[in-house]
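K.L.:
In the order they appear, the protein sequences are chains A and B.
Under our numbering, read the first sequence as residues 89 to 424, first letter to last.
Under our numbering, read the second sequence as residues 89 to 424, first letter to last.
Incorrect hints may have been included.
Said to hold, decoys possible - BS3-like cross-link-like pairs, simulated, lysine-lysine; straight-line CA separation at most 25 Å: (1) B/K144 with B/K392; (2) A/K360 with B/K116; (3) A/K144 with A/K116; (4) B/K144 with A/K392; (5) B/K360 with A/K360.
To be verified - Away from chain A, derived, C-beta distances all over 12 Å, residues of chain B: (6) Q106; (7) G150; (8) R159; (9) A162; (10) H185; (11) G213; (12) A214; (13) E217; (14) A399.
What the hints contain is simulated information worked out from the structure, not anything from laboratory work.
By construction, the Cβ of each residue, glycine as well, lies at the ideal position given by its N, Cα and C atoms.
2 protein chains.
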Amino acid sequence: MIIDCHGHYTTAPAALQQFRDEQIAGLKTHTDIPLSARTPISDDQIRDSLENAQLKLQRARGTDLTIFSPRASAMAHHIGNETTSLRWTEACNDLIHRVCTLYPQNFVGVCQLPQSPGVPPIRSGAELERCVTQLGFIGCNLNPDPSGGHWDSPPLTDRHWYPLYEKMVELDVPAMVHVSSSCNPNFHATGAHYINADTTAFMQFLTSDLFKDFPTLRFIIPHGGGAVPYHWGRYRGLAQDLKRPPLTQSLLNNVFFDTCVYHLPGIELLTKVIPVDNILFGSEMVGAVRGIDPETGQYFDDTKRYIDALALTDLDRYKIFEGNARRVFPRLAGNT
Amino acid sequence: MIIDCHGHYTTAPAALQQFRDEQIAGLKTHTDIPLSARTPISDDQIRDSLENAQLKLQRARGTDLTIFSPRASAMAHHIGNETTSLRWTEACNDLIHRVCTLYPQNFVGVCQLPQSPGVPPIRSGAELERCVTQLGFIGCNLNPDPSGGHWDSPPLTDRHWYPLYEKMVELDVPAMVHVSSSCNPNFHATGAHYINADTTAFMQFLTSDLFKDFPTLRFIIPHGGGAVPYHWGRYRGLAQDLKRPPLTQSLLNNVFFDTCVYHLPGIELLTKVIPVDNILFGSEMVGAVRGIDPETGQYFDDTKRYIDALALTDLDRYKIFEGNARRVFPRLAGNT
Chain A
89 MIIDCHGHYT TAPAALQQFR DEQIAGLKTH TDIPLSARTP ISDDQIRDSL ENAQLKLQRA
149 RGTDLTIFSP RASAMAHHIG NETTSLRWTE ACNDLIHRVC TLYPQNFVGV CQLPQSPGVP
209 PIRSGAELER CVTQLGFIGC NLNPDPSGGH WDSPPLTDRH WYPLYEKMVE LDVPAMVHVS
269 SSCNPNFHAT GAHYINADTT AFMQFLTSDL FKDFPTLRFI IPHGGGAVPY HWGRYRGLAQ
329 DLKRPPLTQS LLNNVFFDTC VYHLPGIELL TKVIPVDNIL FGSEMVGAVR GIDPETGQYF
389 DDTKRYIDAL ALTDLDRYKI FEGNARRVFP RLAGNT
Chain B
89 MIIDCHGHYT TAPAALQQFR DEQIAGLKTH TDIPLSARTP ISDDQIRDSL ENAQLKLQRA
149 RGTDLTIFSP RASAMAHHIG NETTSLRWTE ACNDLIHRVC TLYPQNFVGV CQLPQSPGVP
209 PIRSGAELER CVTQLGFIGC NLNPDPSGGH WDSPPLTDRH WYPLYEKMVE LDVPAMVHVS
269 SSCNPNFHAT GAHYINADTT AFMQFLTSDL FKDFPTLRFI IPHGGGAVPY HWGRYRGLAQ
329 DLKRPPLTQS LLNNVFFDTC VYHLPGIELL TKVIPVDNIL FGSEMVGAVR GIDPETGQYF
389 DDTKRYIDAL ALTDLDRYKI FEGNARRVFP RLAGNT
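So that you can see chain A by itself, here it is in the shape it has in the complex (with noise of 0.2 Å):
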């Protein structure tokens, strides 16, 4: 079984924009829009957004399940207030529960959540549980910047975020460091800010203790892991240097990446450095780059041929296609 750890619903119908669209104008006159404001989406809407979009690319692909999730850009947790936010994330997270119902063989939900800057994460721990036990969720992402750009959260190693940690724990469900949008004209969102956060987050939990305080709290750091492999003798060097204990010891109990690199020096690279055990294959399909590769001829994104083109034993293919994902998300026992 294949299974693709970072899938966003970027094709969902429009239905679902034009609800956030309103709300957005309601925003202007200070009205938030009720989720009963929805238009409703027919089950044959949600069938046509994914057959020939994710269902017809897995086929292709030869990828079995994905881990599925609200589009990452449109999570946009700095629009509105938190009421906004929970709205928004509910309608968000109710599609991908009637995605997963539709298609259980090809889907499994990881939710949005409602986060808003200034607003204390644990007010998300709700609809995490909601997601979790209702309907069926088996993880979440989390937003290190809810201001999208402006970073004046505190660090995912401050106190702050500790009691949605400890939800987390008790639900035994990872989170994927995922950021959203950017409304910082430095960051380009998926060319800069997600890299950015997700670097950032990693040298983070490098200079905490975070993980002595919660042994089993598991982050996925998506795109790879940034650039965390590429400069891996520097965060090897840098751990050595501030005392810190060898990173395979402090941090590769608790931190995977995933295999959203478009191309096969990268992965080649991410599978030389990085052990086996912390990969998890990704492909953000369908999401960041949409093209072909005109070096291969074949689509940048799909991921999968480049984990193909390895000498992996028999073994650590199953590890990064399936074994990783079953040990990091326990939850998915329970649905495939």
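Dock chain B against chain A, hints included.
P.N.:
Relative to chain A, chain B alone:
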């Protein structure tokens, strides 16, 4: 000849930091400490600061000339006002000039700029001109985020920066894109802020026509280009999706990467995906990582060893170690 394009004076005599400490103390009483308040530094103190550090390591590693600039993390453009920044910058640049005068075979200067948040970049033009025309410097370090981690300046591709670029073009000097310390607790300086800035700058360049406006403007993106080479497929794909020209056409006449990547797999990746004409040898020595890699028994930042380990042609090796630096820093010819 082996030219290290990226060295900082991280071992300067203590009197330099004393001046800075007095300057910062003066800010509390709104007193701008004048340059004349500097404690004199003797030539012997300068020699002592280098002989057991940069010079010893040059000899041990077999490198010849370091393109040398003030300590990047100490630039701290966010401290104080424009006068604070100017005086501190002059003090740092003057000291680099003394180093280069004492050891003209070993060091050639690159200047810090007296940037300050909210101050137009061209206000750094006079100090740049002084350093280049009077002190023999051959380039500058340009901080894309003088706020120190709040990222509230316009992107490097905004016209905000153009007058300074005109001065750089007039003087025929490149800039290394280099942030300083971070006052944002989210960003560890050398482990996140530096690398993020590199990635951010590249993506800004990718989405702009800056180099149509300035065909001869040249930037070095340090630390191996941040996350860029590791995600080269992503950047090629983003350029294609955004209907931008191929990166080799649109950026690689103007953008260069150094080799400050502290393990062999990273250097292998860099040289595999980035054209050899765009790679300049650099070590950041003595800098971000000072320890010895227990896996190799050698200094992490002895990046020459990684390049020596590659199967390169003599011509390609010459380009990385010397030729590209001479092309990117044409004023080197007047110094060496």
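K.L.:
Evaluate each hint against the coordinates.
P.N.:
So, going through the hints one by one against the coordinates:
For the hint pairing B/K144 with B/K392, the CA-to-CA distance comes to about 15 Å; that is within 25 Å, so the pair holds. Restraint check: the Cα-Cα separation between A/K360 and B/K116 comes to about 51 Å, which exceeds 25 Å; the hinted pair is violated. Taking the CA atoms of A/K144 and A/K116, the gap is about 40 Å. The hint is violated against a cut of 25 Å. Distance hint between B/K144 and A/K392 is unfulfilled; the C-alpha atoms sit about 47 Å from each other, more than 25 Å.
A distance of roughly 15 Å separates the Cα atoms of B/K360 and A/K360; the hinted pair therefore holds under the 25 Å criterion. Its beta-carbon lying about 25 Å from the closest one in chain A, B/Q106 satisfies the requirement of being farther than 12 Å from that chain. No beta-carbon of chain A comes within 12 Å of the beta-carbon of B/G150; the shortest separation is about 20 Å. Interface exclusion of B/R159 from chain A stands, the closest Cβ pair being 16 Å apart, more than 12 Å.
The Cβ of B/A162 sits about 17 Å from the closest Cβ of chain A, beyond the 12 Å cut-off, so the non-interface label holds. With a least CB separation of 30 Å from chain A, B/H185 remains clear of the 12 Å interface cut-off, as annotated. Consistency note on B/G213: stated as away from chain A, and its beta-carbon is indeed over 12 Å from all of that chain's, at 22 Å minimum. Even its closest Cβ contact with chain A, about 26 Å, leaves B/A214 beyond 12 Å, as expected for a residue assigned away from the interface.
With 12 Å as the threshold on Cβ separation, the claim that B/E217 sits away from chain A holds: the shortest Cβ distance comes to roughly 27 Å. The claim that B/A399 is not at the interface with chain A holds, since no C-beta of that chain comes within 12 Å of its own (minimum 15 Å).
In summary, the numbered hints that this structure violates are 2, 3, 4.
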